[in-house]
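Peer 1: In case you want the letters, here they are:
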Amino acid sequence: MNRFSVADCTSVDAALAQLKDGAQVKAGGVDLLDRMKDGIEQPTRLVNIRNVSELRGIRETDQGLTLGPLTTLAEISDHPVIQSQYQILSDACGHAATPHIRNMATVGGNLLQRVQCWYYRSSDFQCIRHGKDLCFAFEGLNQYHAIMEYSTCPSVAPSSAAVALLGLGAAVELTSAKRGKRTLGIRELYIVPDANPTKFNVVEPDELITAIHIPKPAPGTRSAYQKYGEKESFDWAIADAGVVLEMDGDRCRRAVITMGAASPVVRRSPQAEAALAGKPITEETARAAGAVAVQGASPLTQNAYKLDLFPVAVYRTILLAAGQRDRDPSAAG
Amino acid sequence: MKTLPSENALTQQAAAPPKKTVEMPVGVPGYTLRNESRQIPPTEPPVWPINKDLKYVGQSIPRYDGEAKATGRARYTSDVQLPGMLYAKCVNANVPHAKVLSIDTSAAEKLPGVRGVHVIQNVLGNAVLRNPALDAAKFPVVRYAGQPVAAVAAITPAIAEEAAALVRVRYDTRPFVVDQNKARQPGSPNVYPGPADEAGSAGGGGGDDEVQQTGNVHGPSISKVGNIDQGFQDADVIVEGHYVTQVQTHSALETHGVVADWKPDLLTVWASTQGTASVREEFAGFFKLPMSKVRVITEFMGGGFGAKFGAGNPGVIAAALSKKTGAPVRLMLDREEEHLSVGNRPSSDQTLRIGAKKDGTLTAIHLVAYGTAGCGTGAGCAGPAHNLYQYASLHTEENDVFINAGPATAMRAPGHPQGAFALEQTMDDLAVRLAMDPLDLRDKTDQHPVRRVERQIVRDSDLWKSRNPVAAADHGPVKRGVGFAQSVWYRMVAMSSSAEVRVHRDGSLEAISAVQDIGSGIKTVMAQILAEQFGVPPSQIVVRVGDTNFPEGPASGGSMTTLSLTPAVRDAAWQASQKFLADIAPSLGTTPHDLVLVDGEVRSQSGKFQPLSFRRAAAKMSASQITAQAKRVPDYDRSKYLTYGGVDVAEVDVDTELGRIHVRRVLSVHDCGRPMNPQQTISQINGGIIQGISYTLLEHRLLDPVYGLMVNPDLDLYKIAGAREIPQIDVRLVEAYIGQSSTDASGIGEAAGVMSIGAAIGNAVYNATGVRVRQTPMTPPVVLAALRASAAGKEQA
Chain U
1 MNRFSVADCT
11 SVDAALAQLK
21 DGAQVKAGGV
31 DLLDRMKDGI
41 EQPTRLVNIR
51 NVSELRGIRE
61 TDQGLTLGPL
71 TTLAEISDHP
81 VIQSQYQILS
91 DACGHAATPH
101 IRNMATVGGN
111 LLQRVQCWYY
121 RSSDFQCIRH
131 GKDLCFAFEG
141 LNQYHAIMEY
151 STCPSVAPSS
161 AAVALLGLGA
171 AVELTSAKRG
181 KRTLGIRELY
191 IVPDANPTKF
201 NVVEPDELIT
211 AIHIPKPAPG
221 TRSAYQKYGE
231 KESFDWAIAD
241 AGVVLEMDGD
251 RCRRAVITMG
261 AASPVVRRSP
271 QAEAALAGKP
281 ITEETARAAG
291 AVAVQGASPL
301 TQNAYKLDLF
311 PVAVYRTILL
321 AAGQRDRDPS
331 AAG
Chain V
334 MKTLPSENAL
344 TQQAAAPPKK
354 TVEMPVGVPG
364 YTLRNESRQI
374 PPTEPPVWPI
384 NKDLKYVGQS
394 IPRYDGEAKA
404 TGRARYTSDV
414 QLPGMLYAKC
424 VNANVPHAKV
434 LSIDTSAAEK
444 LPGVRGVHVI
454 QNVLGNAVLR
464 NPALDAAKFP
474 VVRYAGQPVA
484 AVAAITPAIA
494 EEAAALVRVR
504 YDTRPFVVDQ
514 NKARQPGSPN
524 VYPGPADEAG
534 SAGGGGGDDE
544 VQQTGNVHGP
554 SISKVGNIDQ
564 GFQDADVIVE
574 GHYVTQVQTH
584 SALETHGVVA
594 DWKPDLLTVW
604 ASTQGTASVR
614 EEFAGFFKLP
624 MSKVRVITEF
634 MGGGFGAKFG
644 AGNPGVIAAA
654 LSKKTGAPVR
664 LMLDREEEHL
674 SVGNRPSSDQ
684 TLRIGAKKDG
694 TLTAIHLVAY
704 GTAGCGTGAG
714 CAGPAHNLYQ
724 YASLHTEEND
734 VFINAGPATA
744 MRAPGHPQGA
754 FALEQTMDDL
764 AVRLAMDPLD
774 LRDKTDQHPV
784 RRVERQIVRD
794 SDLWKSRNPV
804 AAADHGPVKR
814 GVGFAQSVWY
824 RMVAMSSSAE
834 VRVHRDGSLE
844 AISAVQDIGS
854 GIKTVMAQIL
864 AEQFGVPPSQ
874 IVVRVGDTNF
884 PEGPASGGSM
894 TTLSLTPAVR
904 DAAWQASQKF
914 LADIAPSLGT
924 TPHDLVLVDG
934 EVRSQSGKFQ
944 PLSFRRAAAK
954 MSASQITAQA
964 KRVPDYDRSK
974 YLTYGGVDVA
984 EVDVDTELGR
994 IHVRRVLSVH
1004 DCGRPMNPQQ
1014 TISQINGGII
1024 QGISYTLLEH
1034 RLLDPVYGLM
1044 VNPDLDLYKI
1054 AGAREIPQID
1064 VRLVEAYIGQ
1074 SSTDASGIGE
1084 AAGVMSIGAA
1094 IGNAVYNATG
1104 VRVRQTPMTP
1114 PVVLAALRAS
1124 AAGKEQA
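Those protein sequence lines, which keep their order, are chains U and V.
Here the first sequence is numbered in this note's numbering, starting from 1 and rising by one per residue.
Here the second sequence is numbered in this note's numbering, starting from 334 and rising by one per residue.
The following block holds chain U by itself, in its conformation from the complex (with noise of 0.2 Å):
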């Protein structure tokens, strides 16, 4: 790891003004540090936000909840109105990496965490996410990678939360100093390898995240995530699914069908979407919806069994959102 200095703030204002000169934000600290010690990033200045009381906590208002982006994965899953109402942001939160880690990373920067790839993570292997030419994964080992949305990086969206906020459609409040507020949707935050491969959000590096904003779960709403890895105990996604049922009694009325582990950012499935709406919640249809949530997939050469544990992931969770069964011994966390 490279030296380093670091600025200690407690307000948003004083954070904001030290956001100059290369200086990178650190929060919980468990994804950039990592990066720092597996070599592949060498920030000389640190503006550690942590103390940043004004951005950490839970908030119920009219419109829904507002997030400070400091609260902790564990604070957000152990929330009793998030248990109630947002079921599938607890599960999420709940479900991420361990309970030691959980209870210090924040949701802002488990949001804004760098993607997995063990190629993107070796500072032996420079590759095109860090401005090279090469990506080695399709040539490489690519068990874990994408299935879909990839032509030129297959690493997956790592992040559980985002796939729970997309589903919930939340957005994500964006401060600087210099030109104020703007809010984007959770897919926007993201920035697709295609379009630029070294950015990975929209985020600048004068902004912070100040807000994450949830909209209230429309009436007859339910909502649930499950993750699968090769381990039940802390591991990546190998697949994961997050759905979100607005029910008329029996029937759905709207379906929101969220992915993580199938392409390089969080994405909606129209046709999982598509294939329960307006229709009763079944084995039958749920396993329909998830039978279409891998349309148009393509996989690498490891990684083709993704293609049949994505539709099993989406119906047992339209199964499970739907009340019609438990949370899975199978997924992981």
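Think of the hints as simulated: they come from the structure by calculation, not from any bench.
Since this is a predicted model, take the numbers as computed values, not measurements.
Any given hint might turn out to be false.
[Said to hold, decoys possible] Covered by chain V, per the in silico footprint, the following chain U stretches (three or more residues, Cβ under 8 Å):
no.	stretch
1	113–122
2	135–142
3	222–233
4	305–311
[To be verified] Each computed EDC-like pair below joins lysine to aspartate or glutamate, with the alpha-carbon atoms no more than 16 Å apart:
no.	chain 1	residue 1	chain 2	residue 2
5	U	Lys37	V	Glu669
6	U	Lys199	U	Glu284
7	U	Lys178	U	Asp133
8	U	Lys37	V	Glu495
9	V	Lys691	V	Glu495
10	U	Lys37	V	Asp1049
11	V	Lys690	V	Glu573
12	U	Lys37	V	Asp667
13	U	Lys37	V	Asp1047
14	U	Lys37	V	Glu494
Glycine included, each C-beta is placed from N, C-alpha and C at the ideal position.
Start from chain U and add chain V according to the hints.
Peer 2: Just chain V now, with coordinates in the frame of chain U:
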């Protein structure tokens, strides 16, 4: 061990001339317990009864150093802090195969805070060319990415890391191969330009060095019993399978590391090692020092699993830097180096064929095995095929396949988890083909008296009774299954094992040996032995281990520690107690034979005096200290009971839609002679089961095929079982007396389930699904592919 010892090889060790005849308990209490006669040296202590009639030995006495470990007071090698100590960091090759053209250390040397740079001239661990002239070069040829090339020592770890990055190495890269199957093909790049062999370590490993080598294929090492063609002709049924297992790394919690302090009159080395004696020998040999000028200390040790013997590259580097700088040097490897350069369990690719009569009698076992130990050797895995069952004929061929990867070392039961994975699944296939119960089939072919008892315990268990003998009986996507498998290990004795016992005039007692406690708990057992002999609680005993200044201890490999050392400890304790009684008897007005040591007291059997506390009796000693040293006496009867094993049952859920396997419950029925401390023994079995599950389902060293680098050199993407992967483990410890020594202990390190749990899981998966998964790790793609292949086969049929 270089080759797996057969019964014959093990019986060649000569016994001491018989001198007195004793009756010893032999067998399993409640099943087969009886007495057998032994002729033993007259100096041996009286025979101990079975555990239930002992007071401290055989009891689950709390771990001697449990509190020190739990509170952080225990000082491991990485905690050693010496005045003026420097921190070393290695420079490792980042290419898999290359000649080193030059190493420029000038920039590193100029960095403020750097005190020394060392360029490596001799790399340890790799195979060595039979004709070294074939690859003569200024610097050692790089055979794998991660091979140490140079090292720096600096005043802080951060400066050392920075300096290591400043060392410029120029490589002339060579073609390489990291795929075992490609390495076997003609025309593959060769790892070595000619035949090369690897020496094993005190913990085993290393391959046969008498065999041919063709390209990268070092072998075959062939072993034959009877007429194999006749054997298959005589068979009523033949079952066959092709099994593939992956490379696993040891991944002990504590990485390899040393602190070396080179002084003119003494090289002191704090080492994380499984063999203090082996470390001293290798340092003395490498640096041409007299043994008297090397001292090795291992106060606490955080696991080794076979990878930590000798000085190794880290030890040599640290000592060289200490010599050069005149300061103590600490070198602890990081996790990546640990994965790459200090050992692993070789892979295997086995084609196994078994012929049998209708009644289950085995007529033929034929095994052809290839495996890679990287740029080392030692991938043989025929041990279980040789030693688990009776057969009319056997033919095994073992081949090492060189690839450009770090050399293997011994790893917990070398060759046996791989061998048992194939053998025990093939035996399960045979049971299916013969429509026999898997336990009945083993009763027919396995004559080991203790495993017979262990199978009976399995038969009587609720878990086994819950097994549906019909495979794939469950409906729905998640299917439950139960599977059984067996293991075999060997009784090997480190005859140099020695111990000293001291009785002080204040009544305190010490047990002393250079043996290292690698976590299995030998310190506690030593205290228990003295407690039993002197009749005082174990908490009153002080145990000192892990220092070559003490009498030599055994290496902790091959399950040798407890069975080798404890008889020496007991003999020393017995002799010290006899000296003690002889010394104090006159002052008590009686003879030594009238005295007994019991319940913390010295008593006169004839009632010559009121019972005296041990402490008050010790005050009557004529000198301040009574000591006795003893060395291991040979096993009492090397004609029998030289293998042991244990059996395991796994219950799994197979999610057939996801290809996920979840191990629900494990029943482990294991023996290790006289269990000295059941809790500690059970802990080792728990660990063996967890390590075996992790190996079977998760762990995998992954090498990029294009660049030859490991892509998962951490404990995140190198996946190891976590809390949720650990099932309910029910250990039934079988007391199996064999009448071999004054303690009659055996070891448990290897025979702790790690050999058999993989096959038990495989057999459970078959029982659940009717499909056999012949490849590890059994990840979702592997399981789904097996399920799909089976479905396709059924459609065709």
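Peer 1: Could you run down the list of hints and mark each one as holding or not?
Peer 2: Results for each hint:
no.	hint	in the structure
1	113–122	holds (count 4)
2	135–142	holds (count 4)
3	222–233	holds (count 5)
4	305–311	holds (count 3)
5	U:Lys37 / V:Glu669	holds (12 Å)
6	U:Lys199 / U:Glu284	violated (41 Å)
7	U:Lys178 / U:Asp133	violated (34 Å)
8	U:Lys37 / V:Glu495	holds (12 Å)
9	V:Lys691 / V:Glu495	violated (68 Å)
10	U:Lys37 / V:Asp1049	holds (14 Å)
11	V:Lys690 / V:Glu573	holds (15 Å)
12	U:Lys37 / V:Asp667	holds (12 Å)
13	U:Lys37 / V:Asp1047	holds (12 Å)
14	U:Lys37 / V:Glu494	holds (11 Å)
Taken one by one, the earlier hints fail for this structure at numbers 6, 7, 9, listed in ascending order.
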